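Going line by line, the protein sequences match chains C and L. Going by this note's numbering, the first sequence opens with residue 1, and the numbers climb by one from there. Going by this note's numbering, the second sequence opens with residue 1, and the numbers climb by one from there.
Don't read these hints as lab results, they were simulated from the structure. Some hints could be false.
Stated by the list, open to error - Taking lysine-lysine and the DSSO-like style, the derived pairs with C-alpha atoms no more than 27 Å apart in a straight line are: (1) L:K57 x L:K78; (2) C:K42 x L:K78; (3) L:K42 x C:K42; (4) C:K56 x L:K42.
To be verified - Chain C stretches covered by chain L per the calculated footprint, using a threshold of three residues with CB under 8 Å from any CB of chain L: (5) 45-54; (6) 73-81.
What the hints assert, rightly or not - Selected chain L positions facing chain C (in silico; Cβ < 8 Å): (7) K42; (8) V43; (9) S48; (10) S55; (11) F61; (12) F65; (13) A88; (14) Y106; (15) G108.
Computed from a prediction, not measured in an experiment: that's the story for all the values here. A virtual CB, placed ideally from N, CA and C, is assigned to each residue, including glycine.
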Amino acid sequence: QKEVEQNSGPLSVPEGAIASLNCTYSDRGSQSFFWYRQYSGKSPELIMFIYSNGDKEDGRFTAQLNKASQYVSLLIRDSQPSDSATYLCAAGGRRALTFGSGTRLQVQP
Amino acid sequence: EPEVTQTPSHQVTQMGQEVILRCVPISNHLYFYWYRQILGQKVEFLVSFYNNEISEKSEIFDDQFSVERPDGSNFTLKIRSTKLEDSAMYFCASGETLAGDSYEQYFGPGTRLTVT
Chain C
1 QKEVEQNSGP
11 LSVPEGAIAS
21 LNCTYSDRGS
31 QSFFWYRQYS
41 GKSPELIMFI
51 YSNGDKEDGR
61 FTAQLNKASQ
71 YVSLLIRDSQ
81 PSDSATYLCA
91 AGGRRALTFG
101 SGTRLQVQP
Chain L
1 EPEVTQTPSH
11 QVTQMGQEVI
21 LRCVPISNHL
31 YFYWYRQILG
41 QKVEFLVSFY
51 NNEISEKSEI
61 FDDQFSVERP
71 DGSNFTLKIR
81 STKLEDSAMY
91 FCASGETLAG
101 DSYEQYFGPG
111 TRLTVT
């Protein structure tokens with residue numbers, strides 16, 4: 001059974017702070033890892049992807065992958081109230097993704 | 001920027017009826033997917049489709065479900081005899097170009113299916 005685990009939160013951070021979101025996955029065969037942002041009632045929006053161990057930065061977002069520990073994280077720098085959403089971690093390959101239940105992030109103005 | 005589109009945005013049907021959910025994937029993408037999300041729950045994989053055949057399917061995707069690419073642009077999910085538990089948001093996604101160097105999946109806005 002392929003599982004992706006995330007802390008459901010809510011994670012509350014003040015505006016301008018760094019938000020740190022984490023997930024672990026069970027399937028060692030997973031090749032690709034994604035972070036999606038989902039606002040209430042909306043579809044998942046892809047914000048970051050990472051395929052290799054290490055860090056990947058894109059603007060205010062940094063994704064980190066450690067395949068040995070089966071661990072993926074997302075850092076959001078200079079958090080804004082508009083970042084308040086549920087962040088979904090997903091793992092898999094080109095055929096299918098397994099999603100975690102999401103971490104709800106609240107950025108306090 | 002190209003995006004995945006889905007119709008209808010909301011479908012209400014009676015238990016036992018057939019429904020067809022429609023999607024137009026991003027035009028140069030090769031893989032197409034259906035996922036569903038029951039209210040308050042995880043996004044769940046249903047099926048992936050590549051080169052005009054099913055690539056992978058989950059346990060949820062039983063004989064009541066089928067997918068089709070009836071022409072060069074549309075991708076459909078059919079539920080033959082809907083049950084109350086089929087009520088969910090259904091997301092279509094697409095991904096991967098001929099370059100084959102990425103696995104990103106881009107989601108459409110979803111169809112909310114309500115079975116009464």
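Regarding the hint that L:K42 lies at the interface with chain C, is the smallest CB-CB distance below 8 Å? holds, 5 Å
Would you check whether L:F65 satisfies its interface hint, that is, whether its CB is within less than 8 Å of any CB in chain C? violated, 15 Å
Mind checking the alpha carbons of C:K42 and L:K78 for me, to see if they're no more than 27 Å apart? Holds, because 22 Å separates the two Cα atoms, which is no more than 27 Å.
Going by Cβ atoms only, is L:A88 closer than 8 Å to chain C? violated, 13 Å
Examine the region 73-81 of chain C for residues whose CB is less than 8 Å from any CB of chain L, and state whether their number is three or more. violated (count 0)
Run the distance test for L:K57 versus L:K78: straight-line Cα separation, threshold 27 Å. holds, 14 Å
Does L:F61 meet its interface restraint, that is, does its C-beta lie within less than 8 Å of any C-beta in chain C? Violated, about 11 Å.
Does L:S48 pass the interface check with chain C, least Cβ-Cβ distance below 8 Å? This interface hint holds because 5 Å falls under the 8 Å limit.
For the pair we were handed, C:K56 and L:K42, check the Cα-Cα distance against 27 Å. holds, 26 Å
Can the region 45-54 of chain C be counted as covered by chain L under the rule of three residues or more with Cβ-Cβ separation shorter than 8 Å? holds (count 4)
Just to be careful: measuring from the Cβ of L:G108 to every Cβ in chain C, is the smallest value less than 8 Å? At about 6 Å, which falls below the 8 Å cut-off, the nearest Cβ of chain C leaves the hint on L:G108 intact, so it holds.
Restraint: L:S55 near chain C, CB-CB cut 8 Å. Satisfied or not? holds, 5 Å
When each numbered hint is compared with the structure, violations occur for hints 6, 11, 12 and 13.
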